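Trainee: Next come the chains, spelled out residue by residue.
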Amino acid sequence: VTSRSALIVTGWLAGNAALMVLLLAFGEWLLAVLLYAASLLPLALFTLAVWRDRRHATGSPERFTVPPAGAFLLPIAAGITLAGLGFVFGRWLIPLGMSVVLVCLGAGRLVNRPVVPAGAPAAMTELPIVRPGDRTRRQLAAEVGPVTERVARVAVLTVLAGAVFGRLLHRGRRP
Amino acid sequence: MSWQARSLQLAIRPEQPGLLGWTSTTDHKRIGLLTIGTALLLFGFNGALALMMRAQLAEPDNNLLHPEVYDQFFTIHGSGMIYLVVTPIVLGFGVYIVPLQLGVPVIAAPRTTLLGYWLYAFGAITVLSGFLTADGAASDGWTAYAPLSDSEYSPGAGMALWILGTFLSTVGVLLMSATVLWTILRMRAPHLTMLRLSVFCWSMVATTLMVIMAFPSLLVALGMLALGRLRPSLFHSDLWDVGYQHLFWFYGHPVVYVMFFPFVGMVAEVIATFTGRRYFGYKPTVVSLLAFAALSMSVWGHHMFTTGQAANDYYSLTSISLSIPAGVEYFGLLGTLLTGRIRYRTPMLFAIAFLPQFLIGGLTGIMVATPSIDEQAQDSYFVVAHFHYTLFAGSVFGLFAGLYYWFPKMTGRMYDERLGRLHFLLMVLGTNLAFLPMFGLGYLGMPRRVSSYPRSAGFAALNLTSSIGAFLLGLGMLVLIYNGFRTFFRGVPAGDDPWAGTTLEWATSSPPPRFNFDQAHPLPPITSYAPLLDQRLAARERQQVPT
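Residue numbers (this note's numbering), protein chains in the order written: chain A, 1 to 175; chain B, 1 to 547.
Think of the hints as simulated: they come from the structure by calculation, not from any bench.
Be a bit skeptical, because a hint or two may be false.
What the hints assert, rightly or not - Label pairs and their computed distance ranges (CB to CB):
#1 L24/A with P371/B: 19 to 29 Å
#2 A37/A with I366/B: 24 to 34 Å
#3 G37/B with A49/A: 25 to 35 Å
#4 L464/B with A18/A: 46 to 56 Å
To be verified - Quick partial rundown of chain B residues pointing at chain A, CB under 10 Å, derived from the structure:
#5 I31
#6 L33
#7 W118
#8 L161
#9 T193
#10 H236
#11 L239
#12 G243
#13 H246
#14 F250
#15 G252
In this text the structure is predicted, and so the values were computed from the model without any measurement.
Positions of the beta carbon are idealized from the N, C-alpha and C atoms, including for glycine.
Whenever a hint applies, use it, and build me the whole structure from the sequences.
Mentor: As structure tokens, this is what we get:
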């Protein structure tokens, strides 16, 4: 099976990686290129999570669940802010803020269990959701042509794009 | 019954009343409304700061505001609009609208989304609390360049509070973005494939991808600033100074598109609905949104042309390349507009005005992305005019298009159309009177971020015109507020689908029930990115074919 949503995120990541390599070729400061590379990391982790979820979820029935309430989130955010204010008005605020966060996190864990929404109609919560992005290779091939044809198309386009960028690089390189 | 079970039972009631219900809600619509409401309040506050600055600049040698206060006002106005208003409001609309358009009852990780909102709200309070400190709020501009922003040159708590508040609100926006993106990628109604997503949802995909990639860079930059305030000597080295600029602009340029793409999506929805047709050029628009977003990650160095510390060729090439996907998007919008039967309601008026006004901002952006022009225009009012045409004449007009469009869905009431049109008229006049003269001021050489200018400089007439425009904008906002209150108390019921919309949110009630769709408002069959239009066309065909 494949998933178009995961492919989109992966493609976007790959596009940025290509732009980063191009930046290196233009002779940019190495630290700026490293910054670009490091910025790919959060997105790469997100992409991995999408792929992982796709594998776990494929074909399984989905029930939408809702956590009951976020009553503890306001004091948690307040605690984080209080701890942050410790860096401005005095370090004693840091343990105070963190203890608020820890207490609320602990209390929140006791009561906040995800549930199937009580007011929702059964059809919406118990419906087996077929993940629309998840489709078989055969289905995908039927949509966009045989795999070999796609590979050939991508290869030709890559070579052409490489040649164009090569020429651009030659002109754009700094003396 | 144990106390845990009782709290659980209390918590899962469909609608919790009162303040506690709103503060602890996991309903994406309430979280969205909280975010939009908070951002609109802050929009009013930051707008008031802008009016005071324009009052100061209306006359030469004016002493209405002390220069230090003026510095604080332009810093909080600029950073407030970007960090606390437009970026969060984008996510507010995403949190509210995206699950409805996907046909799902909930958003992914609603508690994370709510935590994101609260971090944003506390961040905003922290930034603004700088005004209550002895030395006033931060005064180093929205870029907070070091070493100007370190504790040696900017002593006092204002700058530190700005760093903390901006950090918190950025984390909040990041959390909300991740949940919106996850919802789109992994939680969609049956048969809603990626290529059946609405244009607004696609714009949110591009936006949230950029947020996830670019915003951590701002967090690191703010961490650097915080360290620099502890040890100012760090910023005596070029590595930290220029490194900070790279980190900042790696966030600072994509955020412009974070504040633009969703409004393109909103305008696309509005234009498709009010022309009564399917969006023209759907697939090219989707590809161009993704390509635009990817390219926009690579242009940050054009803000650093004059530092001599950036590869000008690369950044200029990638910046100018942005005009290609932007052109494709414009082509899609104009194609939809030109081939439809237009209904001129308030959302449509704002959407139409968005097109030429943003074009001015976009084209002047290409000008300043050229190093030779940028050398001349750097830090002049030309740049101020450019980004106000982008963010105000463009994005804020897109925001109002979306606000008027979804207002009946969110509230269940219809606003007053005549007041909406009056608001539009004042906004168009005010915007162009306020920001067009700034191009002239830049051409004449007026630098940005100055609180006064001598009469001999020849800036007086254009500045006065600009200030008159700004006050017209203020008047327009008063009309909007009055319209909001009037609708709240005397608005007529809007009905489920007052505009004959094309996307799924119009299939449910106004306002939607707790879990978006119910037995009375089931999900319609999803056959394309405009399922309600498909339904209407099918019904029309059935009527035409004799049985």
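Trainee: It remains to establish, for every hint, whether it holds in the given structure.
Mentor: Here is how each hint holds up against the structure:
1. L24/A with P371/B: 19 to 29 Å: Holds, since L24/A and P371/B (Cβ atoms, about 20 Å apart) stay within the stated range.
2. A37/A with I366/B: 24 to 34 Å: This hint holds: roughly 28 Å between Cβ atoms.
3. G37/B with A49/A: 25 to 35 Å: Hint holds: Cβ distance 31 Å, inside 25 to 35 Å.
4. L464/B with A18/A: 46 to 56 Å: With a Cβ separation near 50 Å, L464/B and A18/A satisfy 46 to 56 Å, so the hint holds.
5. I31: The hint holds - I31/B has a Cβ within 10 Å of chain A, the shortest such distance being about 9 Å.
6. L33: 15 Å, violated
7. W118: Holds, because the Cβ-Cβ distance from W118/B to chain A comes to roughly 3 Å (cut-off 10 Å).
8. L161: Hint on L161/B: holds, closest Cβ of chain A at ~6 Å, below 10 Å.
9. T193: Cβ of T193/B sits 5 Å from chain A, so the hint holds.
10. H236: With Cβ-Cβ at 17 Å, over 10 Å, it is violated.
11. L239: 8 Å, holds
12. G243: 6 Å, holds
13. H246: It holds, given that the least Cβ distance between H246/B and chain A is near 5 Å, below 10 Å.
14. F250: Check passed: Cβ of F250/B comes within 6 Å of chain A, closer than 10 Å.
15. G252: Violated: closest Cβ of chain A sits about 13 Å from G252/B, beyond 10 Å.
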